[in-house]
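Colleague: As a plain string of letters, each chain reads:
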Amino acid sequence: MELTRRKILAVGSGALVFTSLSGLPAFANLADDAIASLTGGKEIGEGAISLTAPEIAENGNTVPISVDAPGAVSVTLFADGNPVPSVATFKFGPLSASRSASTRIRLASTQNVIAIAQMEDGSFQKASSNVKVTIGGCGG
Amino acid sequence: MNLKLWISLAVGSLSTAAIAQDSNELVIDGETLVTETAAPAHLEDFDTIYSGWRFRSRETQALETDDFDNPAFVFVDQGLDLWEEVDGSAGKACASCHEDVEDFAGLRTQLPRVQDGELVAMEDLVNGCRTERMGAEPWKWSGGNMTAMTALIGLQSRGMPVGVKIDGEAAPFWEKGKELYYTRVGQLDMACSNCHENNYGVMIRADHLSQGQINGFPTYRLKNAKLNSIHARFKGCMKNIRAEPFKEGGDEFKALELYLASRGQGLSVETPSVRN
Amino acid sequence: MASGVKPRVKVPKKASAGETITIKTLISHKMESGQRKDDDGNVIPRSIINRFTADFNGQNVIDVTLEPAISTNPYFQFDAVVPESGEFKFTWYDDDGSVYETAKKIKVS
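Residue numbers (our numbering), protein chains in the order written: chain F, 71 to 210; chain W, -1 to 274; chain D, 202 to 310.
Pulled out of the complex, with its shape left as it was, chain F reads as follows (with noise of 0.2 Å):
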């Protein structure tokens, strides 16, 4: 087959599908492994806890983030696109009130941001926000 330039493109693009499709997954991986790692495998169920996050941050660097995880011991924040998923883990004392914290974080590009909470009778609950992080004109 003689290669030709335009050939060349289709080969290339079609090379660029197969790879952003089986890269997605392992990019998810990481975050998806350090949350089995805490949950050691267990099922984990949504609905109980809630997490807040802009839609759109206007800066990746510092984006506002509020878990409200009533009856829960503790919570640990990922970011499935960040080159370390984990972000941060509130562990709830006795004299912790609501549940609930919020904090500042950094994600390095659009992505999910998640909550798991460990419960106090020992289950996990699950909530997911996504962040679309804007590549700024002037201002990024």
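These are computed hints drawn from the structure, not numbers from a lab. Mixed in with the good hints there might be a few duds.
Unchecked claim - Capping the alpha-carbon separation at 25 Å, the derived lysine-lysine pairs in DSS-like fashion look like this: (1) 138(W) to 207(D); (2) 225(D) to 112(F); (3) 305(D) to 211(D); (4) 238(D) to 221(W); (5) 238(D) to 233(W); (6) 207(D) to 161(F); (7) 112(F) to 196(F); (8) 161(F) to 112(F); (9) 231(D) to 221(W); (10) 290(D) to 214(D); (11) 90(W) to 174(W); (12) 306(D) to 161(F); (13) 233(W) to 231(D); (14) 138(W) to 231(D); (15) 238(D) to 237(W); (16) 196(F) to 161(F); (17) 161(F) to 225(D); (18) 161(F) to 238(D); (19) 305(D) to 90(W).
Assemble the complex: chain F is given as a structure, and chains W and D must be docked to it using the hints.
Modeller: The following block gives chains W and D in isolation, referenced to the frame of chain F:
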């Protein structure tokens, strides 16, 4: 297609998708600040001026409404420490001469101003004290100590309307600043006015263009997580349009600062503000 | 000790027994992530606050493990219940071994 044409087309197509400022009200500790008011008489091209706060996302806006949540106050605290700190051969601190930093209420609203025939900015006043009265080294124009101090002093005027003098002996400086504002420079051949007058309210890539008001400086930017001086911001703009920036603290930037301040006459001082 | 590190906390001065109060804390710290490179292309080593705790009269309120994804000048907001008058103690632990502390009294009626 050459680059200039492409840019002008791109900017043109952006302006069709007007997004404009929001209508939120800025209240800090119970005090309502003026973020929108009638444009001063010398502005011919628009009727209403808006603080940059009105162009930011809800989350960024919220950071400025509470002095604890506002990360700039870390630096205001540092400014307070510097205020008390003895430095230089005269063995003095700011506090040795100035009884209370609150005495500077109103100063931010008047700067830059003409003193002894020269246009002076707040940074000049601070360094004047340091070199002449304290016998200390001057601070870098946009360095951490300087921005902490200008934030502390500027904060004393928060809520007061910007009101720089533009006539009399200030007039030639103001004219020079105005000329700079409308002069196209750099490889992208753009003037301040191309973005901040003709296209405010629209998006430039993922960024929301403001009117380029300077009533909130020094400002804490999420981008670099520190206080940014007015002149450092000018420098950033000039680099973005691929121009050779003027010198921080130089005559050009001081004249531009006076002109820009005058475009915001009547807006509340927001120092220290929070932007992206 | 990293330079310019300054903690700030916001705690109400008084509360009634068993009331939920909101606490805000912030510490000035670069939170160098270990992901950045300097102008010569060398990785800037990680240097962060890695743990933050809040205690009241010796009992824990919250214990936070921080990773490099926490923003510059780490900020936390959380709730506490105060059974009696006493003192909150806030502690930040730096990668370099430094420990920063601050305390705030609260009157409970």
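Colleague: Straight-line Cα separation of residue 207(D) and residue 161(F) no greater than 25 Å?
Modeller: 24 Å, holds
Colleague: Given the hinted pair residue 238(D) and residue 233(W), is their Cα-Cα distance within 25 Å?
Modeller: 23 Å, holds
Colleague: Sort out whether residue 221(W) lies within 25 Å of residue 238(D), counting only the CA atoms.
Modeller: Given pair residue 238(D), residue 221(W) holds - Cα atoms ~17 Å apart, limit 25 Å.
Colleague: With the threshold set at 25 Å, check whether the alpha-carbon distance from residue 161(F) to residue 238(D) stays at or below it.
Modeller: 33 Å, violated
Colleague: Does the alpha-carbon distance linking residue 138(W) and residue 207(D) stay inside the 25 Å limit?
Modeller: 22 Å, holds
Colleague: Is the hinted pair residue 112(F) and residue 196(F) satisfied, with a Cα-Cα distance of at most 25 Å?
Modeller: Roughly 12 Å between the alpha carbons, so the hint for residue 112(F) and residue 196(F) holds.
Colleague: So if I understand the rule, the pair passes when the alpha-carbon distance is 25 Å or less; does residue 306(D) with residue 161(F) pass?
Modeller: Between residue 306(D) and residue 161(F) the Cα gap is close to 23 Å, so the pair holds against 25 Å.
Colleague: Run the distance test for residue 290(D) versus residue 214(D): straight-line Cα separation, threshold 25 Å.
Modeller: 14 Å, holds
Colleague: Residue 225(D) and residue 112(F) were given as a pair; does the straight-line alpha-carbon distance stay at or below 25 Å?
Modeller: 34 Å, violated
Colleague: Under the criterion that the straight-line Cα-Cα distance not exceed 25 Å, is the pair residue 305(D), residue 90(W) satisfied?
Modeller: 32 Å, violated
Colleague: Does residue 161(F) pair with residue 225(D) here, judged by a C-alpha cut-off of 25 Å?
Modeller: With Cα atoms ~16 Å apart, residue 161(F) and residue 225(D) stay inside 25 Å; holds.
Colleague: Is it true that the CA of residue 161(F) sits at most 25 Å from the CA of residue 112(F)?
Modeller: The hint holds at about 19 Å.
Consistency note: the structure conflicts with the earlier hints numbered 2, 11, 18 and 19.
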